[in-house]
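Asks: Here the protein sequences come in this chain order: A and B. Heads up: the first sequence runs through residues 1 to 741, numbered per UniProt numbering. Heads up: the second sequence runs through residues 1 to 741, numbered per UniProt numbering.
There may be inaccurate statements among the hints.
Which copy is meant is left open, so a pair is good if it fits within one copy or across any two.
Stated by the list, open to error - No farther apart than 25 Å at their CA atoms in a straight line, the calculated lysine-lysine pairs in the DSS-like style are these:
#1 K586 <-> K663
#2 K366 <-> K517
#3 K357 <-> K199
#4 K586 <-> K80
#5 K269 <-> K297
#6 K26 <-> K42
#7 K248 <-> K408
#8 K687 <-> K677
These are calculated hints, taken from the structure and not from any lab test.
There are 2 protein chains.
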Amino acid sequence: MKPTTKEDIDPFEEIIEGVKHAKGVKQDTELDVDDLKTLVEKYKVAVKAKTGKDFPQEPQQQLWRAIQAVFDSWNNDRAKYYRILNKIPEDWGTAVNVQAMVFGNMGNTSATGVGFTRDASTGENIFNGEYLINAQGEDVVAGIRTPQQITLIGSKRWAELQGVPEDVRKNQFPSLEESLPETYQELKNVQEKLEQHFKDMQDIEFTIQNGKLWLLQCRNGKRTGAAMVQIACDLLREGKIDEKTALKRIEPNKLDELLHPIFTPEALKTAKFVAKGLPASPGAASGQIVFFADEAKKFAQSILVRIETSPEDLEGMNIARGILTARGGMTSHAAVVARGMGKCCVCGAGSLNINYKQRTLEVNGKVYAEGDWISLNGSTGDVFEGKLKTQEAQLSGDFGLIMDWAEKYTRMYVRTNADTPKDAQIARKFGAKGIGLTRTEHMFFEGERIKAMREMILASDLAGRQTALAKLLPFQRSDFEVTIRLLDPPLHEFVPHETAQQQELAQDMGLTLDQVKQKVHELAEFNPMLGHRGCRLGITYPEITEMQTRAIIEAALNIKAKGMDVKPEIMVPLVGNVNELEHQLKVVKKTAETVFQERKDTIHYLVGTMIEVPRACLVADQIGQIAEFFSFGTNDLTQMTLGFSRDDAGKFLPYYINNGILKVDPFQVLDRQGVGKMVELAVKNGKSTNPNLKVGICGEHGGEPSSVEFFHIVGLDYVSCSPFRVPIARVAAAIANLTYP
Amino acid sequence: MKPTTKEDIDPFEEIIEGVKHAKGVKQDTELDVDDLKTLVEKYKVAVKAKTGKDFPQEPQQQLWRAIQAVFDSWNNDRAKYYRILNKIPEDWGTAVNVQAMVFGNMGNTSATGVGFTRDASTGENIFNGEYLINAQGEDVVAGIRTPQQITLIGSKRWAELQGVPEDVRKNQFPSLEESLPETYQELKNVQEKLEQHFKDMQDIEFTIQNGKLWLLQCRNGKRTGAAMVQIACDLLREGKIDEKTALKRIEPNKLDELLHPIFTPEALKTAKFVAKGLPASPGAASGQIVFFADEAKKFAQSILVRIETSPEDLEGMNIARGILTARGGMTSHAAVVARGMGKCCVCGAGSLNINYKQRTLEVNGKVYAEGDWISLNGSTGDVFEGKLKTQEAQLSGDFGLIMDWAEKYTRMYVRTNADTPKDAQIARKFGAKGIGLTRTEHMFFEGERIKAMREMILASDLAGRQTALAKLLPFQRSDFEVTIRLLDPPLHEFVPHETAQQQELAQDMGLTLDQVKQKVHELAEFNPMLGHRGCRLGITYPEITEMQTRAIIEAALNIKAKGMDVKPEIMVPLVGNVNELEHQLKVVKKTAETVFQERKDTIHYLVGTMIEVPRACLVADQIGQIAEFFSFGTNDLTQMTLGFSRDDAGKFLPYYINNGILKVDPFQVLDRQGVGKMVELAVKNGKSTNPNLKVGICGEHGGEPSSVEFFHIVGLDYVSCSPFRVPIARVAAAIANLTYP
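When you get a sec, could you build the whole thing from the sequences and use the hints?
Replies: This is the structure:
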């Protein structure tokens, strides 16, 4: 961000500094009338030099110009950036209020300040804020003079933190309570009244003109995640709001701050900014740079820096403290996996030039080598130089209270996307009701498994594939527990692409290097996202579906034998045509029957499909007739409905958002008009032929509050999201139910 | 195709041949009662050996088994293949008729045969057909005995062609007219009556049992394209049918046979089949194999054989007689370009293994080298060995008559997709009303143009891109004439991927090879189909849209200055969000205004968009408010709605079709339930806010009759297709209008 502040575009600050310097004073208030006259003359010259026109002398004209300037401010870079950060649409525009002015700089019984009815940082129920005697509003925030505390207790706390002795505090930095006690008392009463009226923590701007208190503005105060939880719970306990209102006061996304470590404010003050990427997975992390996943162990604290990651990097990603990639969007491999792990990740930082050969990272001319320290803020997408101090996440008892309310008021329930027992445990702790998505392929990358998988892929015939699949079976059997998606990614992702690894594979399989290279080449696709993947694999190689079904059913029977209850749901991915599901359904049912006969026992299981191809939404009435559940794969549905490759969108998506063509990243926030319409259509069509159809969503949008609200509105039964998003989704679902009952 | 015929699965033919051989006779009819008894015994043994069961002796049981066998025949490979060829849905199933039998093999006053009321090959109005004395139906088609002609004139023509002297003909192969003159006369009367009744050429199966004529079956006869045209026009001239009926008798796809050369039937009889691919562009061609487009001139008649083609191959494709690729579907680059050129092309022949280094082509163990002759049938997808004789296309006067009817009865009009003046000329000859799609990028591949294009892509800043674009401007200006799509493909397609060419480019541009390689690498995308292309290019680099708009408007003004009328339509590709179109609209309008001022003249032009992203259909009401026309890009719309990459679908699409998961290739025939639904939605939405919206389609489906019918039904104004499909689309559109007025 290159902010367009007043300092960047006009010379006024420089001029006033010059005048004060010439006179040998430090405060603006030390300038007398003649000094101000000189200043005005110099200002007029500067305006003429900059604009080529005289400064208008007609007050009416000045007013109109000022109004115009406010309107124009909507389009400055800083405003644009703010809107992006806060997801405020470009097309809202701004309003201009014209009103009489009060002056806080009319002498020592005048002042200006900002107050909060409660502590915006901790949520503590204490009136607090800052003010300056003989000053205007900008002086308080500009940092030229040191603002003083409004309350005596606040002032004393401040002095202690800053190491300011009591006598110095009292003389040089007295509280408003001390310097203008009557006005303070009036302000204190007003703030109480305002909070009582608005029933929320208020942020109040005031000016005192010759001893008379004027309120300039009053609004609900911004607050940290911790303060948000504290204030909502306190207001409830104080009887000011009821439970539903308290819950609606929670901004679900802000709960993230309670779940992940963050950089300390002090550390951030001195941090040297390096680059900006996408806030792919929240939290803060510092570590030494490594460029290869299998070298993540090289340092005790490492940051894995990659152009992009692939499933082969899984183990290294787990070891590293954080992940930084130059390419890929909010649903790229790195982003999805990192969120699942609850690991800090910044994605798609396009200004990074990574050179794997030289093991260097170059950004705007500066080069970082392997072993250099960097720090990532996965909640903002910022990348910093060096090692920054972090503070750990802490969950208060009030957090549990909010989870209880979420449970009480929600209609939709929340599941988790989990590929490992650890994921499942974390999610369960956060209140997930089940597993909405297990990606079987993530199990294929460790040790012997990837070998057997590759053997299967390289097999030239059915018998060869069956032999290899038999080797995979035990791994799948010991892994499976709840809801499982059949093999989804293109086979190309499982084969090695470096010659050395191909050579190794060739030796393992008794093939020539050329044969392996040829097979890898054959598997390559122009657009793998739209290629031979999902159920297209299970249909052309039914033996894969057979093996996976056998593993699922056997695992479920094993669990049942231990006296536990299990409800496996087998999910067929990428269905676009009812015939595809029908084909896979037959394979699954036949295999399950065989296993039931072998084991002389049965279990109840469901077979459903992921709805992720636009066509599936259009023919969901047909699919609904044979599917027992739909689970929306909104990542792929977004890719195909919008024609945006999540891995390539980095080339135009940031431009689109910065220039108002898109309001938000559709991979973060569900595109209601496009993808949402598709989801709505599919639910309506599906339920028209199967009123009992269970419908959920397992795309990344399942953990994003605005999207969760939409899923509530269109009547989904559940959302499923990565473990650390579960609390957020639960609160969002409950609030959606309160808002749209 | 490996047909499952009776010969493949049972030993009956072998046994009867053995019995005849033992007796020293040649015809089945020469076996006496005892021989037949022996035969039956042997048959029973064979049945027992094959099935493990005795042949059932109970007639009722035999009948049920026979009925079952007919039902089962629906699923044999031959039937499946026939259904694919003729686009008959898998789920129709078959019926079984049980009726009393008549015998054509009861002696010399018995016979069986097949007759046509007109010549199925030429359309000539002459009764014709074949028969055999003392035979059953199968004997006529089985090829064991030489069938004889029904009419005397037919018999004489046959003898002349075969070089059979008149006395031999009369004694050994007499016509039915000669051998059973009374029955012949009866048959002749019946066929006249039948044609009179059905008002179309009839295909009649008959059996004569002891002199009594029985009709087994009567149906509209299959015919060649030439016969189809001839018969429809003749029946009209004979007053048997009216113009509308005559037009509806035209199967539009069959007109292809009149527009392209075909292999002679004699050549096909001895042709050695090599492989099967997709019938990507009709016609027949023989040539010597070349593997590189720039070597197409190496032989006077060459066939370009590639794994896939790219825009760089354009010139070589134009020189070659035909194109054969191992990969890619009906809308792959090779297919689209070949159809545009009217050049024979077979695509996606998956069994080919092409080795560019060794310049060889291997199929099922057999290797073909550069310079070897091969032959392609682009209408069927067959690849043959060697040089086959072809016969040229000939257009009769009746063809013109049919085009006149099409003009008279159609509601939709037909445009053409044309990138060169030659394309436009051909299409105009066939009656195209305008150009529905000019792909500007096809102009960027010749000589100096590709250099300037690459310079633009490699430029690191706006100024550099503008300099390069200025060099492209004159080329664009001299090319443009009518309806133009702005730059669509990803930039990666324009840069060279071989090191030698990259080296050359680096020298031309004054860059290092590494810099060029780096840029090419940066442009690479995971899923270019969903990447940085279409209007995403024009938005992130508005200077491209400016340059193209300037070229279009200047060209139009030049034409106007020559006193001609021109209506340019500027088409913004890949819009999914109204803001995208709005952005491009502004750039176009501003540029056009600038040119108008420079030239002190104006012209009327339209700005519209291609609808090819699913989301665009969902928000077409918004887009319709600012677009002046929609043109459906059904190729990309199919890719995204179904999630099928046209270049990769070869890995599963053939399997899907062969196994009934899909009925037809959705890139050939519009998927009405999915893509069609999208088109319908977009038309409805678009017209809801802009009743005057002009709507057309410029995808490959615009030349496919069933799709054209659908476009008529949903109310499009026009279809646009490759030049050689124009007559087909015109007839299809007119028939659709007659069927759904």
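Asks: Compare the structure with the hints numbered earlier in the document and write down the numbers of the violated ones, lowest to highest.
Replies: 3, 5
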